[in-house]
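If you want the building blocks of each chain, they are given just below.
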Amino acid sequence: MKVHLRNPRRELELDGKFSVNSLLAHLELPRESHLVIRNGTLVPGDAALAPDDTVEIRPVISGGC
Amino acid sequence: MVATASKCRVCKEPAIIDLPRHNANFCAEHFLELCRRQVTKAIEKFDMLSKDDRVLVAVSGGKDSLAVWDMLVELGYQADGLYIGLGIGEYSDVSGQYAKDFAAERGLHLITIDLRSEYGYDIPTAAKATRRVPCSACGTSKRHLFDKAALDGGYTVLVTGHNLDDEAAVLFGNTLRWDVEYLSRQLPVLPARHGFPKKVKPLIRLTEREMAAWCIVRGIDYLVDECPMAVGNKHLAYKAALNAIESESPGSKAAFYLNFLDNMAPLLAGQSKAATDELGSCTSCGAPTTSDLCAFCRTAQKARAHEPVPVELVLSKGRRR
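Which chain is which? The protein sequence lines are U and Z, in order.
By the numbering used here, the letter at position 7 of the first sequence is numbered 7, and the numbering carries on one by one without gaps.
By the numbering used here, the letter at position 219 of the second sequence is numbered 219, and the numbering carries on one by one without gaps.
Please note that a few of the clues may not be correct.
EDC-like, lysine to aspartate or glutamate: derived pairs with alpha carbons at most 20 Å apart [to be verified]:
1. Lys7(Z) <-> Glu11(U)
2. Lys41(Z) <-> Asp262(Z)
3. Lys12(Z) <-> Asp46(U)
Honestly, the hints are just simulated from the structure, not real lab data.
These numbers were taken from a predicted model, which means no experiment stands behind them.
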């Protein structure tokens with residue numbers, strides 16, 4: 001599975017079975033501050049991810065005051 | 001085809017987002033409906049806007065300001081946008097393009113101001129010249145220019161995209177210091193008074209995660225990358241702390257901030273000294289101030305006297321600390 005991350009931008013190739021929640025937990029990313037987009041579509045925490053999926057993990061926290 | 005287990009609470013179609021604080025999942029259509037309902041509730045409860053208002057939305061090119069502009073237009077408000085080019089290197093160039101593209105694609109009116117070409121300085125230089133954190137110089141500059149543009153343009157309300165996470169983080173910081181002055185002024189509506197437009201925050205009932213999701217579902221391209229000058233600021237640390245609590249106890253952020261507004265803000269009403277201070281006029285620009293020169297003119301004066309500082313220089317100094 002191809003995983004795109006931001007801040008900083010980087011790309012990972014992961015093997016194994018993941019749901020959205022287990023992928024975030026695997027990468028130690030808090031669910032409250034990230035969204036997961038699978039093949040261009042937003043998906044909820046219990047969505048299963050397939051090996052041929054392209055996944056973007058998008059951070060949602062801004063630091064401006 | 002990969003199965004998605006969770007279903008929309010409303011229609012039972014496959015969900016696109018889980019919202020633990022509502023103990024529910026939603027499909028795209030009903031998620032958008034939830035967001036519209038939350039914004040409408042905030043607007044009505046705090047008497048933020050009417051359909052007769054001429055609204056100016058402060059737009060950064062990020063998710064919150066584009067989402068609130070999109071929602072207000074969709075809900076039938078007359079809303080123009082205001083973008084300020086802060087001169088934060090490539091970050092400002094890219095953010096400005098997102099704001100311009102959003103407006104052009106929807107036929108909306110966007111006012112743009114460029115700090116360097118119109119006022120002779122930028123935020124990295126102001127941060128260096130004033131020896132203050134970049135967010136301080138940035139906030140001072142933006143607030144002044146938002147107010148001025150709203151008043152000069154005849155707008156009746158200035159809207160900002162501050163969301164529930166922003167407000168909860170500011171409240172957290174003010175509470176840690178028991179800063180009664182700031183606590184008593186932390187309201188979602190600031191009424192117009194001499195030299196200041198009415199200012200409102202329609203997104204106070206929606207989280208950052210929900211606003212990012214709004215943009216994704218609505219097909220709004222926004223600048224995802226973080227402002228390089230905000231990295232490591234206290235505001236981000238407070239948000240991380242609140243999100244750690246939220247993950248253990250969903251709904252805590254909303255309870256913390258919205259119950260503050262219901263239960264604590266009324267007790268603090270009238271405690272703000274700044275709100276009742278007699279204001280004079282800045283001898284340089286005429287803006288309201290308690291000094292001879294307003295904070296914006298003091299910042300601009302120091303920054304203009306300083307040679308331009310590239311953003312990289314301020315960042316590398318920040319990392320050495």
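Identify every previously stated hint that the structure contradicts and give their numbers, smallest first.
-> Of the numbered hints given earlier, the structure breaks just one, which is hint 1.
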